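As given, the protein sequences belong to chains X and V, one line each in that order. Heads up, the numbering used here is the position in the first sequence plus 1, with the first residue counted as 1. Heads up, the numbering used here is the position in the second sequence plus 1, with the first residue counted as 1.
Since no wrong hints were added, every one of them can be taken at face value.
Copies of the same chain look alike in the list, so a pair counts if it fits in one copy or across any two.
Simulated crosslink set (DMTMM-like; lysine to aspartate or glutamate; CA at most 25 Å straight-line):
| id | residue 1 | residue 2 |
| --- | --- | --- |
| 1 | K193 | E26 |
| 2 | K193 | E22 |
| 3 | K193 | E33 |
| 4 | K193 | D37 |
| 5 | K146 | E47 |
| 6 | K193 | E30 |
| 7 | K155 | D186 |
| 8 | K193 | D170 |
| 9 | K105 | D130 |
| 10 | K4 | E191 |
| 11 | K4 | D137 |
| 12 | K193 | D137 |
Bear in mind the hints are in silico, worked out from the structure with no lab data behind them. Since the structure is predicted, the reported quantities are computational estimates derived from the model, not experimental observations.
Read off the chains here:
Number of protein chains: 2
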Amino acid sequence: MSKTRAYISVSLDGYVAGPNETMEEPLGENGERLHDWAVALRSWRELQGMEGGEENASSAVIADDNANVGAEIMGRGKFGPPSRGPWGDDPWLGWWGEDPPFHKPVFVLTHHAREPLSLSDTTFTFVTDGIEAAHDLARAAAGEKDVLIGGGAKTINQFLAAGLLDELDLHVVPIILGGGARLFDGVGPEVKLELARVIDAPGVTHLRYRVTAGR
Amino acid sequence: MSKTRAYISVSLDGYVAGPNETMEEPLGENGERLHDWAVALRSWRELQGMEGGEENASSAVIADDNANVGAEIMGRGKFGPPSRGPWGDDPWLGWWGEDPPFHKPVFVLTHHAREPLSLSDTTFTFVTDGIEAAHDLARAAAGEKDVLIGGGAKTINQFLAAGLLDELDLHVVPIILGGGARLFDGVGPEVKLELARVIDAPGVTHLRYRVTAGR
Numbered sequence: 002m003s004k005t006r007a008y009i010s011v012s013l014d015g016y017v018a019g020p021n022e023t024m025e026e027p028l029g030e031n032g033e034r035l036h037d038w039a040v041a042l043r044s045w046r047e048l049q050g051m052e053g054g055e056e057n058a059s060s061a062v063i064a065d066d067n068a069n070v071g072a073e074i075m076g077r078g079k080f081g082p083p084s085r086g087p088w089g090d091d092p093w094l095g096w097w098g099e100d101p102p103f104h105k106p107v108f109v110l111t112h113h114a115r116e117p118l119s120l121s122d123t124t125f126t127f128v129t130d131g132i133e134a135a136h137d138l139a140r141a142a143a144g145e146k147d148v149l150i151g152g153g154a155k156t157i158n159q160f161l162a163a164g165l166l167d168e169l170d171l172h173v174v175p176i177i178l179g180g181g182a183r184l185f186d187g188v189g190p191e192v193k194l195e196l197a198r199v200i201d202a203p204g205v206t207h208l209r210y211r212v213t214a215g216r
Numbered sequence: 002m003s004k005t006r007a008y009i010s011v012s013l014d015g016y017v018a019g020p021n022e023t024m025e026e027p028l029g030e031n032g033e034r035l036h037d038w039a040v041a042l043r044s045w046r047e048l049q050g051m052e053g054g055e056e057n058a059s060s061a062v063i064a065d066d067n068a069n070v071g072a073e074i075m076g077r078g079k080f081g082p083p084s085r086g087p088w089g090d091d092p093w094l095g096w097w098g099e100d101p102p103f104h105k106p107v108f109v110l111t112h113h114a115r116e117p118l119s120l121s122d123t124t125f126t127f128v129t130d131g132i133e134a135a136h137d138l139a140r141a142a143a144g145e146k147d148v149l150i151g152g153g154a155k156t157i158n159q160f161l162a163a164g165l166l167d168e169l170d171l172h173v174v175p176i177i178l179g180g181g182a183r184l185f186d187g188v189g190p191e192v193k194l195e196l197a198r199v200i201d202a203p204g205v206t207h208l209r210y211r212v213t214a215g216r
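Using the sequences and the hints given, assemble the complete structure.
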């Protein structure tokens, strides 16, 4: 059965980005370090169109996380820099250049309307009427495949709190960020989870949870 | 070499006790559920003087966590109920009755002076001049053995932030508490950790970290 799921790298103190996000440091102070384990992998580099890299126990996790994804939903904070407000006449085109690494329909949550943006084989659709509307659109676009909630923390937290997430794969990195975007903020005890699998890999522990009950 | 270490059960959202601690619910709302995995174990029950229980992958973790401990340091919030202030004429004697399960010197951090309290073979010494003084006393009392930082979150966080903790064993329980006493609060990125081992057990994931650098 197709699922709605998320995977994300999280610090030991529960942050998916560090404090003080800027244009230069979109993941906040020390936030880049959350992804060191992934950047080292050949499979991750391939997805980004980069060469080289190694294989280890994380390789299968990356492959698995990115398999069978039919559509992605992301917050505006993942699509663009920390500025907010209307998109303007020369709107931001995403962080990823002319050939974004998604290759599938992407739905961007925003408070400000905007025409769809197509870059190579990725189309960004901007959704202004909330997560349930975005979820319906993404589900329809994904067909038999899964819907990936691509982040950031606020978006994943909203889907968790609304009972719309089926599975959450946490890549727990042994660093302390001390502040930033916190996973599970605003999520309550009515969300029930069970551990689905553990993988111990260099520099990261992969903990996958199934959501068994929500709001 | 003898270590200063801590072990604690933590929810997926990073809390070691739920919100709204009371005399009746000293671990806050749903906080008891953090310890379900342990209460089921024969080895945990033996330490508390209780009978029955099962054995599983957590049994060795419990045994290991409690081996070679020469002294324990705890916050007043672990020793007694959430009331604060001077101890008074009929002071609280701890949660554990006439035969506390420690069987070793215990140092209680408090802002209010009090004479030592001996119950069976456990002596509680009340330390009013901070964590470093408590650490010196506990180290001397422990001799060749380890000093255990017994909690709660605030106490462990203080030791982590001060660079006084060598090892932290997290028992990660797949529940959301949504608030309460948060581990790592006030701890910054200068604290460096590395994963020492992972154990996947029923209802809990044991992640042990070594602290490699502190303040």
